[in-house]
Amino acid sequence: MDTESTYSGYSYHSGRSRGSHRHGERSRDRHKPRSKDSRSEKSVTINPAPAEPLLGDTTIRGEQVQDDNWGETTTAVTGTSEHSLSQEDIVRITKDLEDSVGLDCRRYFTLTLAVILGLLVFLSPLAFMVLPHLLWPEKLQSCGTACEGLFISVAFKLLILLLAVWALYFRPPRASLPRIFVFRALLAVLVFLFVVSYWLFYGVRILDSQDENYQGIVQYAVSLVDALLFIHYLAIVLLELRQLQPYYSVCVTRSTDGETRHYNLGQLSIQRAALAILEHYYCDFAIHNPALLSASKSRAAKHLAGLKVYNVDGDFPAAPTESPGNNAAAGLAHSQSRAMMAAAAHCRDSSHNELYYEEAEHERRVRKRRARLVVAVEEAFTHIKHMKDEEQKKTPGDVMDPREAAQAIFPSMARALQKYLRTTKQQHCHSMESIQQHLAFCISNNMSPKAFLESYLKPGPTLQYSQNHWLARQWTLVSEASVTSGLRDGTVFVLKCTDFGLVVTVKKIPYIRMSEEYIDPKSHKFVLRLQSETSV
31 MDTESTYSGY SYHSGRSRGS HRHGERSRDR HKPRSKDSRS EKSVTINPAP
81 AEPLLGDTTI RGEQVQDDNW GETTTAVTGT SEHSLSQEDI VRITKDLEDS
131 VGLDCRRYFT LTLAVILGLL VFLSPLAFMV LPHLLWPEKL QSCGTACEGL
181 FISVAFKLLI LLLAVWALYF RPPRASLPRI FVFRALLAVL VFLFVVSYWL
231 FYGVRILDSQ DENYQGIVQY AVSLVDALLF IHYLAIVLLE LRQLQPYYSV
281 CVTRSTDGET RHYNLGQLSI QRAALAILEH YYCDFAIHNP ALLSASKSRA
331 AKHLAGLKVY NVDGDFPAAP TESPGNNAAA GLAHSQSRAM MAAAAHCRDS
381 SHNELYYEEA EHERRVRKRR ARLVVAVEEA FTHIKHMKDE EQKKTPGDVM
431 DPREAAQAIF PSMARALQKY LRTTKQQHCH SMESIQQHLA FCISNNMSPK
481 AFLESYLKPG PTLQYSQNHW LARQWTLVSE ASVTSGLRDG TVFVLKCTDF
531 GLVVTVKKIP YIRMSEEYID PKSHKFVLRL QSETSV
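Counting in this note's numbering, the sequence shown runs from 31 upward without gaps.
Calculated from the structure, these hints are not laboratory results. Mixed in with the good hints there might be a few duds.
Said to hold, decoys possible - Straight-line alpha carbon distances no greater than 27 Å define the calculated DSS-like cross-link-like pairs of lysine-lysine that follow:
{"no.": "1", "residue 1": "526", "residue 2": "455"}
{"no.": "2", "residue 1": "455", "residue 2": "398"}
{"no.": "3", "residue 1": "488", "residue 2": "538"}
{"no.": "4", "residue 1": "488", "residue 2": "537"}
{"no.": "5", "residue 1": "449", "residue 2": "480"}
{"no.": "6", "residue 1": "480", "residue 2": "398"}
{"no.": "7", "residue 1": "526", "residue 2": "538"}
{"no.": "8", "residue 1": "455", "residue 2": "415"}
{"no.": "9", "residue 1": "449", "residue 2": "488"}
{"no.": "10", "residue 1": "415", "residue 2": "480"}
{"no.": "11", "residue 1": "398", "residue 2": "488"}
{"no.": "12", "residue 1": "537", "residue 2": "526"}
{"no.": "13", "residue 1": "415", "residue 2": "488"}
What the hints assert, rightly or not - Simulated DEER-style distance windows between Cβ atoms:
{"no.": "14", "residue 1": "420", "residue 2": "385", "range": "51 to 57 Å"}
{"no.": "15", "residue 1": "139", "residue 2": "197", "range": "20 to 26 Å"}
{"no.": "16", "residue 1": "296", "residue 2": "139", "range": "26 to 32 Å"}
{"no.": "17", "residue 1": "149", "residue 2": "203", "range": "47 to 53 Å"}
{"no.": "18", "residue 1": "478", "residue 2": "437", "range": "19 to 25 Å"}
{"no.": "19", "residue 1": "275", "residue 2": "168", "range": "54 to 60 Å"}
{"no.": "20", "residue 1": "213", "residue 2": "434", "range": "53 to 59 Å"}
{"no.": "21", "residue 1": "467", "residue 2": "186", "range": "47 to 53 Å"}
Built from N, CA and C at the ideal position, the CB exists for glycine as well.
Could you build all of it, start to finish, from the sequences and the hints given here?
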């Protein structure tokens, strides 16, 4: 006896044994490895500064599933917590630890090389002047007034060089880039070769011959310090001034909601341009809210579920021995399937009306909840104002601090605020503790109700919220070109995070031609003649 089986939207009639055979083939097809994309891409990672706290994906997922009913209950439950880890979690934690250890080793190795090179630079001029006094003091000529003046020059130039190096290089790291900074590495190699060449010349011409002209030795040390100052000027030009003039306009688009920003950048490498874009992202882009995308996804899934595709005898090709009548029946079945698909698609054409009314209803609910929230907050702040007037009459010891005042008036607005945040899909971005802290901040600084509500009525920049909701473990830079190469017109790269990505498109700012048009000032002069007699 034949039974009817349904699988993935396809309906067909088959025998019991033949249906199980087809199901086995589908299960084997599902387990086949997917072929990799033939497009060659290079993927590197950009990590935040090691000094900042980092949160993994598990923390973010834990925040998303926490209870958001803080507006309806004030019960606090304490006790022991139980955590379970799967094998995948253990592997991921081990990989994160290995990555962090590698980053720390690389950071300390770079710092060690920088310290060694700095000591070599600053101690070389002093060694040039001290070694003759230690090795052949009896042969040296006396140092006159000009020589002693050179000592003062060397001292002040070394002090200026030390302050300049501290201002340019010894700054807290903003991020950990995947590749070295090419210009900085070239400058370090240049300084090293320059100092080594000075030492070679000093060893051959001064140490071996034991030169007696001490003033010439001091002038040789002064020339080294002067050359180091010029190299530092070159470093300022390459590392700081070169990138100030804008050459490119970059378009940054978030992959999930399509939010777009445009920025002007100078001559930067791809990895440094990515770092500049991420710094702008945290200040300019609204916080990523996956809950706003769930409504559109559920709506699309609902409409796709309404579309049923019937593939009658399509899974089994006709045998060569079948009669022409069977082929005609199969063609009729295919034509009927196409007709049903066309009818289902015609029914779906009315979905825009449903979307229109759904959005209108959502906007009406948002306006209603917003009005209730504004009224509740204004009443709470009015109550605070009355409390302040009463506290002025009390003794200083009985005055309520802003934290206690915020806890006192928060229950009166908590329910309205929670309903509004749920309606606008922002309940996971604001916890009860953060709202009370913001309320206490507004009360202590004598801010208005509108200033308090501004953080909740519309989504703000990413940095406005707690780090538990947006600080990612790492960003992955995906680029076909090398990340140390400079930006080019038409360059495209992607900054990937856990839940979304930033697609960056680079366009070169066009060359602008301006011309001047001279207008003779005398051409604007005119004479107004008035007649004494007018017609009546």
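Each hint, compared with the structure:
Under the criterion of a C-alpha separation no larger than 27 Å, the hint pairing residue 526 with residue 455 is consistent with the structure, at around 24 Å. In summary, the hint linking residue 455 to residue 398 is supported, as the alpha carbons are separated by about 15 Å, within the 27 Å threshold. The straight-line distance between the Cα atoms of residue 488 and residue 538 is roughly 34 Å, outside the 27 Å bound, and the hint therefore fails. A distance of roughly 32 Å separates the Cα atoms of residue 488 and residue 537; the hinted pair therefore is violated under the 27 Å criterion.
Simply put, residue 449 and residue 480 have alpha-carbon atoms about 18 Å apart, close enough for the 27 Å limit, and the pair holds. Simply put, residue 480 and residue 398 have alpha-carbon atoms about 17 Å apart, close enough for the 27 Å limit, and the pair holds. Our distance criterion of 27 Å between C-alpha atoms is met by residue 526 and residue 538, whose separation comes to about 24 Å. The suggested pairing of residue 455 with residue 415 is violated, with an alpha-carbon distance near 31 Å, which exceeds 27 Å.
Under the criterion of a C-alpha separation no larger than 27 Å, the hint pairing residue 449 with residue 488 is consistent with the structure, at around 15 Å. For the proposed pair residue 415 and residue 480, the alpha carbon gap of about 15 Å is at most 27 Å, so the pair holds. A C-alpha spacing of about 15 Å is found between residue 398 and residue 488, which places the hinted pair at or below 27 Å, so the restraint holds. For the hint linking residue 537 to residue 526, the alpha-carbon distance of about 21 Å falls within 27 Å, and the restraint holds.
At roughly 26 Å between alpha-carbon atoms, residue 415 and residue 488 fall within 27 Å of each other, so this suggested pair holds. Taking 51 to 57 Å as the suggested C-beta distance range, the pair residue 420 and residue 385 conforms, at roughly 53 Å. Between residue 139 and residue 197 the C-beta distance comes to about 24 Å, which sits within the given range of 20 to 26 Å. At about 29 Å, the CB distance of residue 296 to residue 139 agrees with the hint of 26 to 32 Å.
Evaluation of the 47 to 53 Å hint for residue 149 and residue 203 yields a failure: the beta carbon distance comes to about 21 Å. For the pair residue 478 and residue 437, the supplied restraint of 19 to 25 Å holds, since their beta-carbon distance comes to about 20 Å. Under the hint 54 to 60 Å, the C-beta atoms of residue 275 and residue 168, about 59 Å apart, fit the expected range. The given range of 53 to 59 Å is respected by residue 213 and residue 434, whose C-beta atoms sit roughly 55 Å from each other.
Under the hint 47 to 53 Å, the C-beta atoms of residue 467 and residue 186, about 51 Å apart, fit the expected range.
This entry does not satisfy hints 3, 4, 8, 17, going by the numbered hints stated previously.
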